[in-house]
Each structure stands twice: as C-alpha cells, then as structure tokens.
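2 protein chains.
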Amino acid sequence: MSKEPAKRPLKVAILGCGTVGREVVRLLLTQSDDLRARIGAPLEIAGIAVRRSGRDRGDLGIDPALFTTDAHGLAVREDVDLVVEVVGGIEPARSWLVDALKAGKSVVSANKALLAEDGATLQEAAAVGGADLYYEAAVAAAIPIIRPLRESLHGDRITRVTGIVNGTTNYILSQMDATGAGFNEALDEATELGYAEADPTADVEGFDAGAKAAILASLAFHTRVTAADVYREGITEVTAADVASAKAMGSTVKLLCIAERHVDADGGESVSVRVHPAMLPRTHPLSSVGDAFNAVFVEADAAGQLMFYGRGAGGAPTASAVVGDLVAVARNRLAGARTTAESPYADLRIRTVAEALTRYHISLDVADKAGVLSEVAAAFAGHDVSISTVRQEGRGDDATLVIVTHTATDAALAATVDALRDLPIVRNVVSVMRVEGGEFK
Amino acid sequence: MSKEPAKRPLKVAILGCGTVGREVVRLLLTQSDDLRARIGAPLEIAGIAVRRSGRDRGDLGIDPALFTTDAHGLAVREDVDLVVEVVGGIEPARSWLVDALKAGKSVVSANKALLAEDGATLQEAAAVGGADLYYEAAVAAAIPIIRPLRESLHGDRITRVTGIVNGTTNYILSQMDATGAGFNEALDEATELGYAEADPTADVEGFDAGAKAAILASLAFHTRVTAADVYREGITEVTAADVASAKAMGSTVKLLCIAERHVDADGGESVSVRVHPAMLPRTHPLSSVGDAFNAVFVEADAAGQLMFYGRGAGGAPTASAVVGDLVAVARNRLAGARTTAESPYADLRIRTVAEALTRYHISLDVADKAGVLSEVAAAFAGHDVSISTVRQEGRGDDATLVIVTHTATDAALAATVDALRDLPIVRNVVSVMRVEGGEFK
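Sequence order for the protein chains is G and U.
Residues 1 to 441 (the UniProt record's numbering) are what the first sequence spells out, left to right.
Residues 1 to 441 (the UniProt record's numbering) are what the second sequence spells out, left to right.
Chain G on its own, in the form it takes in the complex (with noise of 0.2 Å):
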C-alpha cells in the first residue's frame, strides 16, 4: 500500500476533567502513537473544560493555557474536530453537546442521563450537523455492548437483553449472597470499600440501572425508549430471608435491566423495558456474575445467546471506551464520512409493567390447619395464575408456604398478591419477588 501524506492533527475538546476525564487524557497521551497509526492523523489536545480552574493537575503533563471554564466555547470552537463529555447531567451538557453537534463536530459522550432522558435531541443535531454521536461507555463502560447491538446484531432479530449493569448493587447483593448479611450492613461496606457513593440512590433505586436500560433497549428494538418508559425497583427491599429463599431454590437475587420483545394478541409487536431485583437460577450464565462485575445477555433468533462480560465501571474501563469511539469518529472525520445513526424506525410499542410477562416467587408465613393449601390455590387461580411450584416449610405456628408461579402479567401477580394479604389463613406475606431465567432453570 503507499504511503499516504501525514494528516493534519484531529482536535479533541475534553468536557470534564474528573476520574475519567483524566483517564481519557492519560490513554491520549500514553498511546498518541498507536492513536494515530490506527486513525491515520495524529490526535490533539484542543481544550480541557474544568468546573474550577486553579486546581494543581500537574500530574497529567498537560500545558496549564489548555485548562478552561468555558466550556461551551470550548465545544464549538472553530478549530474543534471533537468533542468528549465526560461531564455527566442533563443540563447544562446537553446545550453544549446540542450546539457541537449542530456546528459539525462529532461527539463521544459517556453521559448516560441525558442519553436515556433526551438522545433523541442530540440524534436530531448530529443529523443536521453531520456529525457522529457515539457513546460505547454510557453502558457497562469497556465491555463493548453499544456497537454490538448498533451494528453487529444487524443482521438478527434481538428477542430480549438482560444485564447486571449497576455495580454497585451487584456488589451489594453478592455480599448479601456470600455472607447472609442484610442490604443495610452490605451497603455500609460497600460505602466502606469506595463501591458505593455517599449518597448511593442513584445505585440502589436503580436509577443508574434505569438509564442504561432505555438506552439498550431502544438500540436492541429500534425504538425510542427513555428512562421515563423504564418500571424501576431498587433493591433497598431485598431482605436477607429473600436472598436465603433464593438459595433454597438454587438460585440467586440479581438487580436486572430486562428489555423485552413480545407479540401482542393483535399480531403486532410491543416492548417492556424494566429494572428490579429478581431470582435468577445459578444455572444461568448471569448468575456467576459477581462483586462489582456486569454483564450483558442477548438472545436473539438466530445468533442464540450471547453474553458480554467485564468491568463496568472505575475511570480506566470507562476511559478505554471513550477511546475507542474517538478512533471511530476520527476515522469517520477523516474519510468524510458519518455512521448512519440508529433509527427508530419500528416505533414498537411500550408496555406498562402490569402487562409484563414475569414469574414471581412468594414467601407466606400461613396458618397450619387443613385446607390452607385449597384457600391459597384458589387464590392464585382467581386471578388465572399457575402455579410451578409449592414448597412447605415448618410446622405449627412456623409454617411457610413457599410458591412459585408460572410466566403471568405482572398485573395478575400483583392483584394475586392483594388477594393472598386479604386472606385470613394468610398471617404474612414473607417477600414477593420475581423471577428470571426461568428457560436455564
């Protein structure tokens, strides 16, 4: 092949200077050979956005004059190819990122908020701008999941994507697996041990989850889900008994982001998209995904099942993805071309929790006298849920029915439960959870 004629340098503004902003800048400048034997032009350093400028970041080697608090006019700077936001939020980064894209300059965001809430918004200023938006580390940071389903799975029909995309939950619910302990003390030591920020909601309520969820989903059905179309339930319920329950069952409690293809009695199709903590059998391969690992699994028609795994957090993980996309874009500058950006086009529809397909695994301390049993079956067949299996614990006062039913709506679960509460013979209900993976079980 011959030699082409040196390109001019490629340059890259950097929004956010934190724990990965720095790793982005650290990989620019460790690997600026490799960098530009694989683009083909060099990259540069145009700018670094900083909340408070000042600061001593000696450490970086980077000349001081290219720190600025301007972020904005770093983002639309005329000599600007580039753009990365490490910054996070919804405002004031979608403004920046809205007008980089309008002004022609492809962006690599790790902002997984704003690409859940309104992508659709920074989709519309690429398209008119021309430019690219990639964003690989909003979801589980290095593993590669953003391209795979943007391009790879192309090809197939995406059935469902099921993840452990929050590590901070999974590894609070792992200790709770290993240990017995309950989510307060696990939490406290993943406080402890930097797993878990100060104020974990975000986390544990799975918000984070959420986000990632409405972003995977909307690639997976080529439809336009926001966290706002997510159903999210934390694990700040999970009890120690629940996750002993699970045991008993050879199985283990996850926190899971479920995006989900159904066909509807009318022959059309629809989604559900959910996150919430559920009883996976350990049979399955997400089961053994533990501490502050994620994962990621796809089925679809004919590639079968799929599995990504790796770290999906911490600065370097997530820096190596912001990376990556930036050789994609600079490549795509340098050839004056643009990835077509994924479209909506099959607009499915989204269904509400209540009409969710799920199985559910429910713990009832009952009264011990006959007929206990007949009362309870009859309430689950009230509400046209079968049930899988029953298991009875203890006797006497301590007796437990442990039930798990078939796939049934949500909704149909939920009025099963209302029921199960009103009944007299029916002292407590334990815990209520669902359960996935049934097809490893």
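Just so you know, not all the hints are guaranteed correct.
Since the list can't tell identical chains apart, any single copy or any two copies may satisfy a pair.
[What the hints assert, rightly or not] The calculated SDA-like cross-link candidates involving lysine to any residue, where the alpha carbons are at most 25 Å apart (straight line), are:
1. K247 with A127
2. K7 with H222
3. K369 with T389
4. K247 with T283
5. K7 with G336
6. K11 with R157
7. K11 with K102
Worth flagging that the hints you see were computed from the coordinates, not collected in a lab.
Once you have looked at the hints, place chain U on chain G.
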C-alpha cells in the same frame, strides 16, 4: 428528519449454499423489511453460486434462475454490489474474492482458513478496489469479537487474548471432564451427536482453532500473523488421567488459543500465538464455558478483563454474523465510505513456541526411595525452572509425583521434561500439560 427518496436496491451475490448459505438466504428473506430500514435501501439477492445445479432447493423460495455454478462470473458481475462468501477453503475462494474486491465489490466472508493463511492478499485487493472486507463470522460465529477488536478496543493496549474457539473439542473435553471418559470414547459420542465431523482432524488437531488464533492475534496486535505462525497442539493426546489430575487441582482441561504480547529484553515487543490443551483453574471465567459454546477472553491495559460468550458455530449463528456485516458494508456503500482496513503497522516480532512463557503440570511415576524428590528437583533447577507446588500421591510401587512449575520458557520446560525422562528413578512421565490462567488461582 426528512424522508429521503427510496434508494435503489443493493445487489448481493452469495457464493455457497450449504448450511450457512441457506441460513443467510433465509435471513435476507425473512428480515428484508428490517434490513431495508436499517440500511436505508433494500438488499436484493443477485444470484447464488452452487457447486451442483439441479438440486432441489425449492424450500428456500428462491427463483431457480438465480442459482448458478459460475461463482467467479457472479462475483464480478457488473450489477453486483456486495459479495458473501460462505464456501470455505483457500482456492478457488481466494481468486473469486480477489477479483470481486478489485472490481470494487465489498466482501463479507466467513472463511477462516483463507483469512488466516492469506488475509493480506484480500486486504490488498480491497484497498485496490476501494472496497470493504468484513469477516465477523470467521471467528466464533455470531459472537461479536472481530468488531470489538477492530474498533471498540482501539483506544486501548491489548495484552492477551485467550479463547475457546472450537466447539467440537470443547464438547469432547467437557464430556471427559463430566464423565471421566477417555478421548476416543468422547470423540465417538461427539460424532454420533453431530458435534464432530466424520473426519475430525481439523478440529481435534487444532487446525481450526489455529486459524482463528491467527485472525485474533493479527487484529489484537496490529501485526500480520498467519496460520503458519501459530504453534499448534491438538487434544488427541489428552488422557482421562490428565483430566482427573486437573480436577484434583481444581482445574479443568480446555483447548485454548492464546495470543500474548511480551516485552523483550531489549525493550521491544513481541507476540506469541499458540493453540494447545491446558489446565485452567475452575475460578477462571473460561473454565465454565461448556459443551459446544465458545468464548473469548480479552485483557487490555485500561479496559481490564472482558469476556465474549455464545454459540461459536452452526448455520443460524454464523448467518447472523454474516448478515450483520452485510448491513455494515451496505451502509458504507450507500455513504460512499469505506471502513479503514486494519493495518499491521506495529509489525511485532512473532515468538517461537520455545520462547513462549508458560507453566507446566507434570505427573511422574517414581521409585519410592529416599532422595527421589531431591533428584527430581535438581532436574528442574538445572534448567532454571522454578517449582510452584509438589504433591506426592500413593506410596511404594505406585508413588506418583505431581509437579506444577512457575512460569518459564517452553524451551526450558521441554528440556526439563527430557531430563526427567532420562532419570533412572523416574519410571514414567505420565502426563505433561501446560497450565494457564494462573492469575485466577
């Protein structure tokens, strides 16, 4: 976004109509609406090259006039835009693809043997014709591994790729592990179940895995690695005793393909690429990849450890990867763009297997008398091989020494084994096997 005018169909030539070719045709027909939406133009089958005409292929629902035995003529035909090659083998596939690429047709190939032996010739032809060459299906079928290596991880420095990339051998070894069967017994069962071909040589001798190792190493290290550069050892010598011995130390035997980056004494870098059975600790994520599944484990400086898992063979999974690539090259064609080809710019030296750093598990029948361990240990020390663990099993005439070494060059380890064979107190070298995944112990 404005409605764009309907684009003319892109015409696809399909070379080969075996298991994979038929599934490609099926996907193109059943997914045609989705494919048109994802690409922005319809795909139209221009022709299907078959070895023998006149066979009944009515079940495909294809106009019989589209079948031809002139594969070359079809591949270079004026109206053809894209060529899918699912024939396999070096020639005549290479000539067809070279001419098609030079004529500007983008190519999607599942031909691992050709890509591993002479990918460079295809890349050059693609550069001449300004065409794309995609081959996700050549390694691990539908598991997206080529695109992550080729694109997602481009911002990172990959240090090692370890894969289980042959389903036949993984099925055989999984059976040996589960049932204690010997190699021949497990092979017979695999043949009966259709997991092994009538002539299983390419699988059990590691040729298939070797070709995939060459392709993965080339992408991971930006260095031209061909099948001839890969050290290759099959699984025919793996005994039930080896598998039992692995079990005893909490490991399992897997046929691994390994591509590693090394830093040489002079500060330069080199790579070693090899395929051989090895003991892997059961705590390593690859150890739980059972039956005919495939998985590729990637380690990179910033991303850390990633794993990609799924069905690595079969008509439908392979076709999913082929059609996913077809969408990518079709989009490029419409955009007038071309994906920058992977470049072997790093051109790292390829180590011989003698230089590869590995660990050995050695099992010896020894005479049970004083001083045995000291003589054996001296043989290791004489070749600068450090011993990690020694375990003595049995007593008297049945005394067995099981030794696991620390990392050493394969040459030093092989020389140590030769020296052990020459020791009068060593009655028999029962088994010698490499040990991998040590960092997971």
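Do the hints match the structure? See the list:
With identical chains, the CA atoms of K247 and A127 are never at most 25 Å apart, being 50 Å at best within one copy and 57 Å at best between copies. Taking the shortest alpha-carbon separations for K7 and H222, only the inter-copy value of 20 Å comes in at or below 25 Å, while the best intra-copy value is 37 Å. For a Cα distance limit of 25 Å, the shortest separation of K369 from T389 inside one copy, 20 Å, qualifies, whereas the shortest one across copies, 60 Å, does not. In this assembly of identical chains, the alpha carbons of K247 and T283 lie at most 25 Å apart whether taken from the same copy (12 Å) or from different copies (20 Å).
Taking CA atoms no more than 25 Å apart as the test, K7 paired with G336 passes in both settings, with 13 Å inside one copy and 21 Å between copies. In this assembly of identical chains, the alpha carbons of K11 and R157 lie at most 25 Å apart only when taken from different copies (22 Å versus 38 Å within one copy). In the homo-oligomer, the alpha carbons of K11 and K102 lie at most 25 Å apart inside one protomer (17 Å), although the nearest pairing across protomers, at 34 Å, exceeds that limit.
Hint 1 from the earlier list is the only one contradicted by this structure; the remaining hints agree with it.
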